[in-house]
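Visitor: Residues per chain are reported as follows:
Number of protein chains: 2
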Amino acid sequence: MPNYQANVSVRLRPSVLDPAGEATRAAAKRLGVDGIKKLRIGKSVSLELVAPNESEARKRVELLADRLLANPVIEDWTMELKPAP
Amino acid sequence: MPNYQANVSVRLRPSVLDPAGEATRAAAKRLGVDGIKKLRIGKSVSLELVAPNESEARKRVELLADRLLANPVIEDWTMELKPAP
Numbered sequence: 001m002p003n004y005q006a007n008v009s010v011r012l013r014p015s016v017l018d019p020a021g022e023a024t025r026a027a028a029k030r031l032g033v034d035g036i037k038k039l040r041i042g043k044s045v046s047l048e049l050v051a052p053n054e055s056e057a058r059k060r061v062e063l064l065a066d067r068l069l070a071n072p073v074i075e076d077w078t079m080e081l082k083p084a085p
Numbered sequence: 101m102p103n104y105q106a107n108v109s110v111r112l113r114p115s116v117l118d119p120a121g122e123a124t125r126a127a128a129k130r131l132g133v134d135g136i137k138k139l140r141i142g143k144s145v146s147l148e149l150v151a152p153n154e155s156e157a158r159k160r161v162e163l164l165a166d167r168l169l170a171n172p173v174i175e176d177w178t179m180e181l182k183p184a185p
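These protein sequence lines map, in sequence, to chains U and X. Sequence positions in the first sequence follow my numbering and run 1 to 85. Sequence positions in the second sequence follow my numbering and run 101 to 185.
Keep in mind that the hints were calculated from the coordinates and are not lab data. Among the hints, erroneous ones may be present.
[Stated by the list, open to error] Going by beta-carbon spacing under 8 angstroms, a handful of chain U positions derived as facing chain X:
1) 31
2) 35
3) 36
4) 37
5) 40
6) 41
7) 50
8) 51
9) 67
This structure is a prediction, so every number in the text was calculated from the model and none was measured. All C-beta atoms in this analysis are idealised placements derived from N, C-alpha and C, irrespective of residue type, glycine included.
The shape of chain U in the complex, shown without the other chains (with noise of 0.2 angstroms):
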């Protein structure tokens, strides 16, 4: 079967708030990097995964993405999936 590489993406919906990317903001600035003006963070997931074609492999990520990788509450998520090389 082949391999797939995929890679997911989540953040923060713009209405929630980010403290950590805050505080990380303010650490920019006593760093003396000037001119952030918004910071966020989220998780970026990469996975190797095997199926028997392009959109069960999909299909597999957009799963766990929706049950596993991200809380729909408070976040949104993009994927990303190419064969392996």
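Starting from the known structure of chain U, fit chain X onto it as the hints suggest.
Guide: For chain X alone, kept in the frame of chain U given last:
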């Protein structure tokens, strides 16, 4: 000054164990999703910044990534930068 959008993706180095990723992989199996061979969890930091030009913006984000966002002992990072629409 122009606005830029940056995204810094921070990943554990391949030699570093990822217990959270391993636990998620086990949970995927229990959820009935088969074929996941690897699963690693990293950070994805999205930034908006103002800078006089693109190379200066890049320099600032690189400094942040090196000093603040990633731990170079155990993590690698990559960045993307583009002018904000």
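Visitor: Compare the structure with each hint and give your call.
Guide: Tested hints:
Interface restraint check: residue 31 of chain U against chain X, minimum CB-CB distance 6 angstroms, threshold 8 angstroms, status holds. Taking 8 angstroms as the C-beta cut-off, the interface hint given for residue 35 of chain U holds, the closest approach to chain X being about 4 angstroms. A distance limit of 8 angstroms between C-beta atoms decides the matter here; for residue 36 of chain U the minimum to chain X is near 5 angstroms, and the interface restraint holds. Interface hint status for residue 37 of chain U: upheld, as the beta-carbon distance to the closest one in chain X is roughly 5 angstroms, under 8 angstroms.
Because the beta carbon of residue 40 of chain U sits about 5 angstroms from the nearest beta carbon in chain X, less than 8 angstroms, this interface hint is met. Hint status for residue 41 of chain U: holds, given a least beta-carbon distance of 5 angstroms to chain X, under 8 angstroms. For residue 50 of chain U, the interface hint holds, since its Cβ comes within 8 angstroms of a Cβ in chain X; the closest pair sits about 4 angstroms apart. This hint holds: residue 51 of chain U has a C-beta 5 angstroms from the nearest C-beta of chain X, less than the 8 angstroms allowed.
Checking residue 67 of chain U against chain X: minimum C-beta separation of about 6 angstroms stays under 8 angstroms; hint holds.
Violation of the numbered hints given earlier is absent; every hint is satisfied by the structure.
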